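Read top to bottom, the protein sequences are chains A and B.
All residue numbers for the first sequence refer to the numbering used here, where the first residue is 2 and numbers rise by one.
All residue numbers for the second sequence refer to the numbering used here, where the first residue is 2 and numbers rise by one.
Just so you know, these hints were derived from the structure itself, not from any lab.
This one's a predicted model, so the numbers in the text were calculated from it and none came from an experiment.
Some hints could be false.
What the hints assert, rightly or not - One-sided and incomplete, this derived list gives chain B residues near chain A with beta-carbon spacing under 7 Å: (1) M2; (2) A320; (3) G323; (4) R343; (5) L350; (6) A353.
Positions of the beta carbon are idealized from the N, C-alpha and C atoms, including for glycine.
Below, each chain spelled out in residue letters.
There are 2 protein chains.
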Amino acid sequence: MLHAVIPAGGSGTRLWPLSRAGNPKFLHPLTGSDRSLLQSTFDRLSELSSPEHRYVVTGTSHAAAVARQLPTLPESNILVEPSPRDSAAAIALAAAVIAEREPQALMGSFAADHLIADVDAFVETVRAAMTMAQDGLLMTIGITPTGADTSYGYLRRGEDMAAGSVLSEFKEKPDHVAAVEYVSSGNYLWNASMFVWRVDVFLAELGRQQPRLLDTVQQLAAAWHTPKRDELMGQLWPTLDKISVDYAVMEDAAAAGKVGVVPGDFGWNDIGDFDTLGSVLPADESGNVIIGKGETESDVVAVDARRNVIVPSSGRLVATVGTDDMIIVDTQDAVMVCPRDRAQEVKGLVDAIKDRGDVSLI
Amino acid sequence: MLHAVIPAGGSGTRLWPLSRAGNPKFLHPLTGSDRSLLQSTFDRLSELSSPEHRYVVTGTSHAAAVARQLPTLPESNILVEPSPRDSAAAIALAAAVIAEREPQALMGSFAADHLIADVDAFVETVRAAMTMAQDGLLMTIGITPTGADTSYGYLRRGEDMAAGSVLSEFKEKPDHVAAVEYVSSGNYLWNASMFVWRVDVFLAELGRQQPRLLDTVQQLAAAWHTPKRDELMGQLWPTLDKISVDYAVMEDAAAAGKVGVVPGDFGWNDIGDFDTLGSVLPADESGNVIIGKGETESDVVAVDARRNVIVPSSGRLVATVGTDDMIIVDTQDAVMVCPRDRAQEVKGLVDAIKDRGDVSLI
């Protein structure tokens, strides 16, 4: 039985204004279904793990929404971070809490806001990773790259084994030149930010590389089911470094031959921005992708317009003529327009709004 | 003293969704000032005509707005059409009503929704036209063409006179091939839809070409200040043909050598669409033209965006990144996005919305 952890942080800035700090993308139904990304992630794990063995690590401002979106998730399995401390702290806390419950438990970590087309293939891949994790490897799941994207970590396949291989390198977010080289070499896979390991193996490696973090999360886990938890969290959590598990643990662990990878081919997409979102959702005959249609009485009139991503979510009409390859997002308090090939720069737009002090809009 | 008539009809479809049938462009302050286009037109005529000698011809749905926007305009000078019958009927009615008051009055007709940069030059040009009109010509004002635009009438200069010249041809809305020829020849000017004539001269020419229209407007004018007016208007007005004064009178009058033109160089723009509107209003350092800013608490954040025309009129934030040469219009019930070089096609967009039956949005 897998203990499945879902770190649910991050506001999905590049999906602004649909995704907000107060209403981040994992709470949105972006998949065309009426289930949010978080709910879809939770559902997808049901063949691998019972609700009692699933956990969500999230921030104070989203705990209530998580509890309501996942009514079958036990309250004690919602781990609330007093403040964001990136994925190393979140995942380490979950591992320590699980270890208190079952010292050699198999743990998986799965991002809350990814899209997966083929759930059966996903389950098979995770099962293969569980087998190799049982033997003591820190397992990753590798996606075949579709381009030299520098926003992903790259996994270099090493010695082949039955289900996958031991990593010879884990390179988090390389520069563009390196990424091109990696992709052309054919030896690298994308890190899908999914991990499977025995908690005792992970915590041992954490202790080798981040002893202070290990000590802190073990203190917190020991007090987890006691009245001291809140006080201790408020006292210790803010002292932790903001660092991702990739930099904090995985890169060096891979260099030490302790990381494995199972290739995953299940239609994975991390929905980084409106362009990638548009690429995975069904388009109309003009190639336009309308997101959220039907949720409200909102609607779209597009004349001689092709391959646009249009998000009508305010109930107002979005009308466009002669536009190709544009993103048009309409919300109650903001309209955002951007060419699809500039979708990554929505992050910079949000920074500009932040600089003006319009925090209410972010 | 000039009797100045302002035909105020037309909804400015190509300026949708800012301009609506119920709230047409001539009622909007699009000039950067806080005066509507109608008010600016009315103001501009003050050196040529007293308020008692100015008239507005408008539809039933705009009569109240016109009365409120122009408090110094006498109520009896607001001529309300029971239904739209294009400019021939509107101008002929005004001419007949003025003739009842002063049979040889000098009358000018000036569109309600045009922009004029140099008012002094405009006044001088109209005065020159008045002199030639006094001598019995139907006077037009000619604008030097800036391109082969097929949405204007073209005036071919003929025999030169002191202030201007007699027209040898008045060609309303030519095809593109002809327009290119006209512009390259250098002998043609654009018809600015401004006319100056003696009402007796105009009505005589109207009688020659459109005897039924003359008879009808003279019946109406005779009854104008009697209780019979409303009944007669309701009875006769709907029987009139929908035709512009250009086709109904000016083309043939020009062929008969009865039309003159005075060249006008006063920064004229008929604000046909958002692209031309953007071209006449001041732009920021990135070439972006923001219209209506300050009217509401609405605002714009544009990052790495150039030469866009942005209309924030709903109070919401309009945010854009990486967009060049686009039109973004935000209103309470509709958002419109269109490339500047497709601005003319907004008309087709409105037709598409009409076809869907969303008349409330038009």
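Evaluation of the provided hints:
no., hint, verdict
1, M2, "violated (46 Å)"
2, A320, "holds (5 Å)"
3, G323, "holds (3 Å)"
4, R343, "holds (3 Å)"
5, L350, "holds (4 Å)"
6, A353, "holds (5 Å)"
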